[in-house]
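S.K.: Next come the chains, spelled out residue by residue.
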Amino acid sequence: MTLRTFFLLIAVYAGANHTDAQPPNLSLPVTRHVLANGLEVFTLENPTLPIISFYTFFRTGSRNEPVGRSGISHLFEHIMFNGAKRYGPKEFDRQLESIGGYSNAYTTEDMTVYYEDFPADRLELVIDMESDRMTNLALTEESLASEREVVKEERRVYVDNSVEGHIFELLSSLAFTTHPYRNPVAGWMTDLDAITVEDCRRYYSMHYAPNNAVIVLVGDFQTDVAMDLIRRYYESIPAQAPAPPVRTVEPPPYGERRATLYKYAELPVLLIGYRAVAAQNPDVFTLDILQILLGRGESSRLYRKLVYDEQIAIELSVSFPWMLDPGLFTFYITLKPGERHEKAEQLLYEELERLKNEPVTEQELRKAKNILEAGLVRDLETNGGKADKIGNYALLFGDWSMLTQTMTRYESVTAKDVMAAARTLFSDRGRNIVFMMPEEKP
Amino acid sequence: MRHALYRTVFLLLAVTLSARAQDASLSPTRSTLANGLTVLVVEQRGLPLTAVRLVVLAGSAFDPPGKEGVAALTALLLDKGAGNRSASQVAETVDFRGGTLEVDHTHDATFVTASMLSRDTDVFLELMADMVIRPSLAEEEYLRERENLLASLARTQENASYLTDVFFNRFLFGAHPYGRPELGADSSVARLTREDIVAFHRSWYVPNNAFMIIACDVHTTDVMRTARRLFEGWRKRPLPRTVFAAPPAVNGFSLHVVDKPDLSQTHVRMGTLALPRNHPNHIPLAVASTILGGGFSSRLVSRIRVDRGLTYDIRSRIAPRRERGAFVVSTFTKTETTGEMVEAVLEELRQFRRTGVTEADVLAARQYLSGVFPLSLQGPRALTDQIVDMELYGLPADYLRTYTDRLRAVTVGEVARVIRRYVPDDEAILCVLLGPADRIIPQIEHFGTVRRHSMDVQPVEP
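Protein chains in written order, with the working numbering: chain A, 49 to 490; chain B, 981 to 1442.
Hints in this document: simulated from the structure, not taken from any laboratory. Treat the hints with care, since some could be wrong.
As the list claims (entries may be wrong) - Restraint ranges, calculated between C-beta atoms of paired labels, are given here:
#1 Arg1419(B) to Pro77(A): 51 to 61 Å
#2 Glu1316(B) to Glu390(A): 51 to 61 Å
#3 Asn1139(B) to Val115(A): 26 to 36 Å
#4 Ala242(A) to Glu1316(B): 14 to 24 Å
Unchecked claim - Covered stretches of chain A, going by a simulated chain B footprint (3 or more residues, C-beta under 8 Å):
#5 303-314
#6 412-419
These numbers come from a predicted model, not from an experiment. For every residue, glycine included, the Cβ atom is placed at its ideal position computed from N, Cα and C.
Using the sequences provided together with the hints, build the complete structure.
M.R.: Shown next, in the form of structure tokens:
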């Protein structure tokens, strides 16, 4: 077992007009523990309110799914609430809610995350229930049959009957020819229908093991007391052979790819994705700055151009999610009725060219850094926000303490770095374009 | 994380409370300026963040008849130039400091919401004062925002869940202004003029019709001094008189189908008129609603989602309003199982009314409601939301501090009484279904007369 304590010092830098102000420091004493079975645990005491957030991260998501079994990670996330050994069907929610707790879970391409927020004096119950389902999950035909229908409803509402869900699904399958990021987290409908209990058993034993998990606790507890409980309930769960690594690497793009989506809708949508870098690439901080400069707030470059000056769009968002393998840097542009994609594309490419050829001003760079740094402080507002960040950093970087360096990394980005990153990222060959064209009603 | 899929969308916790939270946070310092503006300040030490919400008690219920959308458009224009700043300068002020600034509205009120690093508190208060007292409402910005509002209205046609709420409100509230869509309608927005906006602002944006909440890690007296300096010049004016028409009573099984043929699902709302947010029965009814459809262990989720897999999301709620709001069950299901879903919800409602609740049910619901409350107090933004609700709905000043005690006092008898009074069954219920009408109607005809509507809500003969 190892035990190390880090002190996370986050300096909040002020804007250029505040150079005289002292940056406030936030001290977040996070402690890392590793059990003999490989389970990694992070604790952060916060006695402000008598509550605790308990997060469990598994290093598995849609990226880890075998062919023909897309959606099993997310389906599994649901099944995890349907009963184990010490706590049978419906008991997890009944027990937790009757003590004033709240629970939910989410699945991404890279991970599956379970969390509970609850009164601080009920920590042992939550540890008991979470450890029970890590090793004793009941997998039955009935439970699978009912939950399969629930996730199909979820897919219908968020993908099939949603412009945004549908168009992002199409972009991923266009941009990735080889890597499993081409498959949706929700899964393809036919795969959802085909998943068997045996598939679920195999998936559970492969991915739900202490050595494939990270637990993060933030809130009103004493670390030694919490760790005694965690050892008591988790130490006996055996480690398992590591899950097979994802070896597939998406080949470099060989040219622009385009698709059209016809959908019953009112406003046209243009979605463009550029092949970007993985979370562990040091350029992610520069790409975050690019994302802010282009699309965050009404003073951002693209908002000014497309929404305010040219008035061809009603809104837009630019995103760059940090992912284990190289993901996409995307532009989602909601156009006004009747607008076509050509003009929007032309205006967007002009702005991207400008970033490749002219250095951004110090003032603009400062603004982007202020936005990112204030955003990070806001992300840490709640116990759950802190736990989620710590766990995400632990999984994406293999080292949570990258969180301590994030502000410094943003600060060190220069106008030259931004220009260089724009040149690499925004290449015509790595561009994927989906245009959603509203179709007449049936 | 864009692609994250959740186990369910129950992300917004019920607004519920507990005395275990810090007492200081629950007792804001209240001051009223000479012009009638109420300012509530609460200190929250920890992160160097401030949250401010300024609320004007005029939302879309105050749109003059035929001018629906005025409140929406006024809200949209507040940050498009104010005081000496142009729209771009407002945006630059906010973005440069990494802050957030949003304006939104409901039927009851308009909300200016900002969050910022503590050291920028004064800058944002100054900006918000300009926005509500001295918005430019310039012709050019007005035209731009009206176009944007029309495009946003078009886009609401893609949002089935939002549309179902709009139709449910329209059929439930009738001529009462809660029956109007909050964003207005194409026809009314297209006819609006800049003068309508100026008149709406002059009538309703007055300090005696507003309040402001500030949560910060700055000293109360310092932030109050700034607020006083910036807002005391806001001129008090008498308010126009308003009388809202009474909503019609719900009688029998009122069944409406709104045709949206492109969907593969049916969105469902079943409910009736209930009570205003500040009614003393609200707390026992919240306990009842928690047992029926308030969490993962509730009856609706357990029996309709978990046992039968009919939906991904089902819940009951009491819509919070200054006047009477609705008690409503919301869900959706694939089109083929629409009839089965309506029958399943009806059966749960019947059983809920018939057999009532047990001591254990009430205890668990009370525990749940008091337990999740501190979660809604984490950080200055969440805290201002709680205090806004208290002020907006006219709840007692000690509401946050005493809520757990009030909750603890709720008995099985009281819950049974409010269930009989407010929870609907086949005798008096409004049921609105939105989806492909041709495939829905054959599944529900046996329940009674079905009224079919097109998306523009002109009644159409089936």
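S.K.: Please name the hints from earlier in the document that this structure breaks, with their numbers sorted from lowest to highest.
M.R.: Failing hint: just 2.
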